[in-house]
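Put together the whole structure using the sequences plus the hints.
Here the protein sequences come in this chain order: V, A and B. Counting from 1 along the first sequence, just add 109 to a position and that's the residue number in the numbering used here. Counting from 1 along the second sequence, just add 87 to a position and that's the residue number in the numbering used here. Counting from 1 along the third sequence, just add 11 to a position and that's the residue number in the numbering used here.
Hints are computed from structural coordinates only; laboratory data are not their basis. The beta carbon of each residue, even a glycine, is placed where N, CA and C say it ideally should be. It is possible that part of the hints are untrue.
[What the hints assert, rightly or not] Among the chain A residues that face chain V by a calculated CB cut under 7 Å, a handful are:
#1 Arg-114
#2 Ser-155
#3 Leu-156
#4 Pro-157
#5 Ser-172
#6 Lys-176
#7 Ser-187
#8 Gly-210
#9 Arg-216
#10 Ala-217
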Amino acid sequence: MSSAPLDPQHPRQPLPYLKLLLALVAFGAAWRLTEMQPSALFAAEGRRNMLAFIGGMFPPDLSVDFLQRMLGPLLTTIQLSIAGMVLAILIGLALALPAARTLRFAGVLHEVALRRRRRWLLAVLPYAGARGLLNLLRAVPELVWALIFVRAVGLGAFPGVLAIGVAYGGILGKIYAEIIEGVAPQPLETLQSTGAGKLAVFCYGIVPQALPHAVSYTLYRWECAIRASAVLGFVGAGGIGQEIELSMRMFNFHEVMTLLMMVFGLVAITDLISAAVRRRLR
Amino acid sequence: MSQAPATSQAMSGTTACILRLHLLSKRFGSQQAAVQGITLNVRRGETIAVIGPSGAGKTTLFRMLNLSLPPTSGSIIFAGSPVASLGPKQLRAVRRRIGSIYQQHHLVGRLRVLHNVLSGRLGRWPTWRALLSLVYPLDLGDAAAALRAVGLADKLYERTDHLSGGQQQRVALARVLLQDADLILADEPVASVDPQLADEIVELLVTLGREAGKTLIVSLHHVGLALRYFSRVLGLRDGEITFDCRPDEVTPLMLAELYGGDRVFGGRSRQADHASAAPAMPLPTTCLHFQPPATAT
Amino acid sequence: MGASQAAPSQKFFTSNTAALPPSAPARAWWTWLLALGVAALIWWSFRGVGVDLGMLLGSESRRQMLSYLLDLYPPDLTSATVRSALWGSIETLAISLMGTLLAVLIALLMVGGASRALTTSGVLFTMPGAGRGRRLTLLGLSLLARGILNILRAIPELIWALIFILAVGLGPFAGVLALGVHTGGVLGKLYAETVESLDPQPLEALQATGAGKVAIFLYGMLPQAAPHFLAYGLYRWEVNIRAAAILGFVGAGGLGKQMYVSLSLFHHHQLLTQLLALFVLVTFVDAVSTWLRRRLS
Ligand SMILES: Nc1ncnc2c1ncn2[C@@H]1O[C@H](COP(=O)(O)OP(=O)(O)OP(=O)(O)O)[C@@H](O)[C@H]1O
Ligand SMILES: [Mg+2]
Numbered sequence: 110m111s112s113a114p115l116d117p118q119h120p121r122q123p124l125p126y127l128k129l130l131l132a133l134v135a136f137g138a139a140w141r142l143t144e145m146q147p148s149a150l151f152a153a154e155g156r157r158n159m160l161a162f163i164g165g166m167f168p169p170d171l172s173v174d175f176l177q178r179m180l181g182p183l184l185t186t187i188q189l190s191i192a193g194m195v196l197a198i199l200i201g202l203a204l205a206l207p208a209a210r211t212l213r214f215a216g217v218l219h220e221v222a223l224r225r226r227r228r229w230l231l232a233v234l235p236y237a238g239a240r241g242l243l244n245l246l247r248a249v250p251e252l253v254w255a256l257i258f259v260r261a262v263g264l265g266a267f268p269g270v271l272a273i274g275v276a277y278g279g280i281l282g283k284i285y286a287e288i289i290e291g292v293a294p295q296p297l298e299t300l301q302s303t304g305a306g307k308l309a310v311f312c313y314g315i316v317p318q319a320l321p322h323a324v325s326y327t328l329y330r331w332e333c334a335i336r337a338s339a340v341l342g343f344v345g346a347g348g349i350g351q352e353i354e355l356s357m358r359m360f361n362f363h364e365v366m367t368l369l370m371m372v373f374g375l376v377a378i379t380d381l382i383s384a385a386v387r388r389r390l391r
Numbered sequence: 088m089s090q091a092p093a094t095s096q097a098m099s100g101t102t103a104c105i106l107r108l109h110l111l112s113k114r115f116g117s118q119q120a121a122v123q124g125i126t127l128n129v130r131r132g133e134t135i136a137v138i139g140p141s142g143a144g145k146t147t148l149f150r151m152l153n154l155s156l157p158p159t160s161g162s163i164i165f166a167g168s169p170v171a172s173l174g175p176k177q178l179r180a181v182r183r184r185i186g187s188i189y190q191q192h193h194l195v196g197r198l199r200v201l202h203n204v205l206s207g208r209l210g211r212w213p214t215w216r217a218l219l220s221l222v223y224p225l226d227l228g229d230a231a232a233a234l235r236a237v238g239l240a241d242k243l244y245e246r247t248d249h250l251s252g253g254q255q256q257r258v259a260l261a262r263v264l265l266q267d268a269d270l271i272l273a274d275e276p277v278a279s280v281d282p283q284l285a286d287e288i289v290e291l292l293v294t295l296g297r298e299a300g301k302t303l304i305v306s307l308h309h310v311g312l313a314l315r316y317f318s319r320v321l322g323l324r325d326g327e328i329t330f331d332c333r334p335d336e337v338t339p340l341m342l343a344e345l346y347g348g349d350r351v352f353g354g355r356s357r358q359a360d361h362a363s364a365a366p367a368m369p370l371p372t373t374c375l376h377f378q379p380p381a382t383a384t
Numbered sequence: 012m013g014a015s016q017a018a019p020s021q022k023f024f025t026s027n028t029a030a031l032p033p034s035a036p037a038r039a040w041w042t043w044l045l046a047l048g049v050a051a052l053i054w055w056s057f058r059g060v061g062v063d064l065g066m067l068l069g070s071e072s073r074r075q076m077l078s079y080l081l082d083l084y085p086p087d088l089t090s091a092t093v094r095s096a097l098w099g100s101i102e103t104l105a106i107s108l109m110g111t112l113l114a115v116l117i118a119l120l121m122v123g124g125a126s127r128a129l130t131t132s133g134v135l136f137t138m139p140g141a142g143r144g145r146r147l148t149l150l151g152l153s154l155l156a157r158g159i160l161n162i163l164r165a166i167p168e169l170i171w172a173l174i175f176i177l178a179v180g181l182g183p184f185a186g187v188l189a190l191g192v193h194t195g196g197v198l199g200k201l202y203a204e205t206v207e208s209l210d211p212q213p214l215e216a217l218q219a220t221g222a223g224k225v226a227i228f229l230y231g232m233l234p235q236a237a238p239h240f241l242a243y244g245l246y247r248w249e250v251n252i253r254a255a256a257i258l259g260f261v262g263a264g265g266l267g268k269q270m271y272v273s274l275s276l277f278h279h280h281q282l283l284t285q286l287l288a289l290f291v292l293v294t295f296v297d298a299v300s301t302w303l304r305r306r307l308s
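Written out as structure tokens, the structure reads:
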């Protein structure tokens with residue numbers, strides 16, 4: 110990029126300065142808007158508060174009684190993440206199938222057949238609808254979904270499951286569709302040329318190619334879901350998050366530390382599991 | 088499933104031509120046409136070799152013939168019926184009667200060999216059988232016999248991407264055997280194997296095809312093989328047929344024109360090497376590795 | 012199967028069940044056990060959270076949800092609400108931008124210590140003149156840097172926000188700090204991995220010219236890694252725009268704060284307006300980031 114002016118193909122443009130200026134203006138505006146005041150970080154009072162908070166977290170509360178009480182919420186968090194992921198996978202699959210161009214109207218499976226207008230429209234409409242819905246589901250963060258569902262169906266784990274299912278369903282659906290579209294087309298052409306039907310081409314050609322990627326990404330999302338379910342508890346969706354919120358409100362920072370460690374432990378375990386599965390899938 | 092052979096035999100009574108091409112052309116975007124104005128009649132049982140320099144349009148032609156690519160203009164008439172007018176159902180039925188072996192990368196690497204071979208049956212199986220077979224392989228005996236025919240009997244349960252390039256090409260061959268098509272298209276089936284194996288695979292393909300009375304169209308970069316094993320040789324260059332004759336009628340001059348011209352001086356290509364090397368190629372007297380299926384069973 | 016029905020002369024080979032292949036390698040018993048285990052886990056989870064199919068699909072919960080969603084409609088399009096939603100969006104955008112910038116800064120500062128390529132192995136480490144003591148120091152430094160990154164990453168943004176609110180008070184600045192610190196941990200790890208997987212040859216070439224460590228980093232590593240650094244930064248920006256909206260709920264201002272108010276006070280129509288604004292904002296950021304990333308590659 111920096112060598113651009115030397116390149117005879119790209120004559121020197123006056124624009125870089127303009128871009129720089131624009132970037133600076135944007136930076137200045139963002140600085141003002143976010144009320145940045147780095148000095149506040151070093152102000153005595155703030156520092157004391159923060160250190161008190163962080164210092165208060167040590168040592169973590171490892172009393173047997175507390176740990177026993179937290180076993181339930183811990184399991185709830187695991188259950189919430191799994192149930193939410195199952196829902197997310199179902200939603201993701203249901204939306205990815207119409208949202209994958211190569212399954213509907215583009216690419217090697219549609220070169221010869223389906224030249225007719227009406228059919229083409231029939232294929233494109235569900236595609237557009239599914240893509241729009243996926244974007245909508247993805248745009249709203251899971252915490253906001255959780256708040257909406259808490260209002261809609263009441264407190265408890267159910268809104269948490271719905272929130273993870275819906276928000277992650279949107280994410281998974283988009284990725285699944287991309288994985289399906291990214292599959293090597295040559296094997297599909299071969300299968301089709303043997304006279305195989307649509308479903309057979311899907312099962313013999315697309316699924317084997319897409320499966321490892323899809324599984325691997327789903328596992329990664331599961332890890333995120335566990336982290337998220339800790340946060341969802343803050344708005345009343347049960348599990349460890351709710352306990353963190355409670356402990357914080359009671360200024361029991363030792364307990365907060367323990368709970369955070371539990372979340373890390375869970376994430377680390379899922380990490381191990383997904384690493385093992387990925388190795389086997391290769 | 089016995090319909091297809093029945094119709095094909097009925098057709099063979101009325102016409103000796105399994106395939107007719109009329110002024111077939113294909114143009115990608117605004118480029119120069121990859122295939123232009125090819126008119127060709129293919130009789131049942133013929134074995135045709137298509138030779139020509141890289142970029143001549145061989146792959147494009149084959150993809151149109153196996154109904155994967157719609158022609159820009161011109162018509163393809165398979166077994167008496169013009170394919171442009173076929174509905175989706177009939178399209179499948181015709182595809183099932185045309186077997187294809189591709190240049191490369193056309194197997195599903197993550198499936199076991201047996202599923203790739205059995206996928207030759209997908210045109211005939213109803214969907215439920217196709218799905219069931221993924222879990223509980225059907226027609227296993229056929230798959231094993233086909234693999235034995237190509238000398239890979241012990242690779243049945245191997246994962247396909249664990250095989251070498253030449254072995255994968257033979258798996259593709261086994262799949263076509265299982266498909267039992269009337270017309271077999273092979274696009275450079277030996278591009279990625281060593282000369283010895285190339286010879287063996289082509290001989291196997293031609294022998295098996297001839298014994299079963301199949302029609303064969305094979306594109307090759309290897310002029311020696313084309314002249315040795317086939318009954319008819321087509322020269323293709325810049326999307327047009329430059330010659331179409333019996334192998335013994337092919338002269339060095341024709342080959343020089345096909346591969347030569349500006350190409351020889353513009354940079355030596357692999358194909359030019361083949362062309363010049365062709366006359367000196369020794370003829371193998373025996374085929375050691377492959378047993379014809381009759382002796383295998 | 013069909014071998015006996017069709018005309019035998021049309022077949023390549025006859026199926027031979029007597030010559031069946033060696034039996035399939037049995038799927039390992041623990042594969043089935045694993046499947047069973049996963050199924051049990053799912054069942055246990057749904058039971059544990061007290062969610063069943065009736066709740067997911069049942070008419071009662073569906074009616075409840077539908078009526079709530081219908082209550083949201085129509086969005087409040089009075090100019091006051093729209094204007095404040097607009098301002099909130101801009102503020103959220105600013106938080107995400109500054110947070111991501113801060114994160115990139117932190118990651119760049121940490122990458123020197125955290126990447127093995129820079130400390131404990133690779134060209135720079137094996138440079139002559141690095142004595143045993145220095146090596147140990149570097150090793151310790153790298154472990155420390157990695158530990159810090161792990162902690163930054165492990166604590167969710169929301170918790171960081173609570174901590175920083177204690178330190179600097181309510182407001183967007185706390186949000187910027189929270190995003191920056193957490194994302195800094197994420198990016199630091201990604202950056203370190205990028206640096207570790209760089210092509211070592213240019214680095215060795217530089218070293219051979221007698222360049223020092225800093226020079227190698229600036230002229231050999233940064234140019235190679237910079238596009239990846241930028242791409243990761245943009246990707247995290249997409250994540251952070253959503254996170255910035257969430258941080259508003261705990262007092263970091265922006266769209267999130269407004270949504271929190273609307274939710275608490277049951278201002279349904281304003282909530283829908285804000286949700287729409289969020290949708291537009293996120294879509295906009297995704298599009299810009301995708302566009303920039305495409306231009307990078
Ligand atoms: N899908 C496509 N899109 C655009 N152009 C294409 C496409 N497929 C082929 N072409 C062009 O058509 C021409 C003929 O290509 P084709 O693959 O048929 O040649 P070929 O004879 O098979 O060559 P090779 O011996 O190298 O396999 C080439 O110029 C190629 O660039
Ligand atoms: Mg080709």
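Against the structure, the hints:
no., hint, verdict
1, Arg-114, "violated, 14 Å"
2, Ser-155, "holds, 5 Å"
3, Leu-156, "holds, 6 Å"
4, Pro-157, "holds, 5 Å"
5, Ser-172, "violated, 12 Å"
6, Lys-176, "violated, 10 Å"
7, Ser-187, "holds, 5 Å"
8, Gly-210, "holds, 2 Å"
9, Arg-216, "violated, 9 Å"
10, Ala-217, "holds, 4 Å"
Taken one by one, the earlier hints fail for this structure at numbers 1, 5, 6, 9, listed in ascending order.
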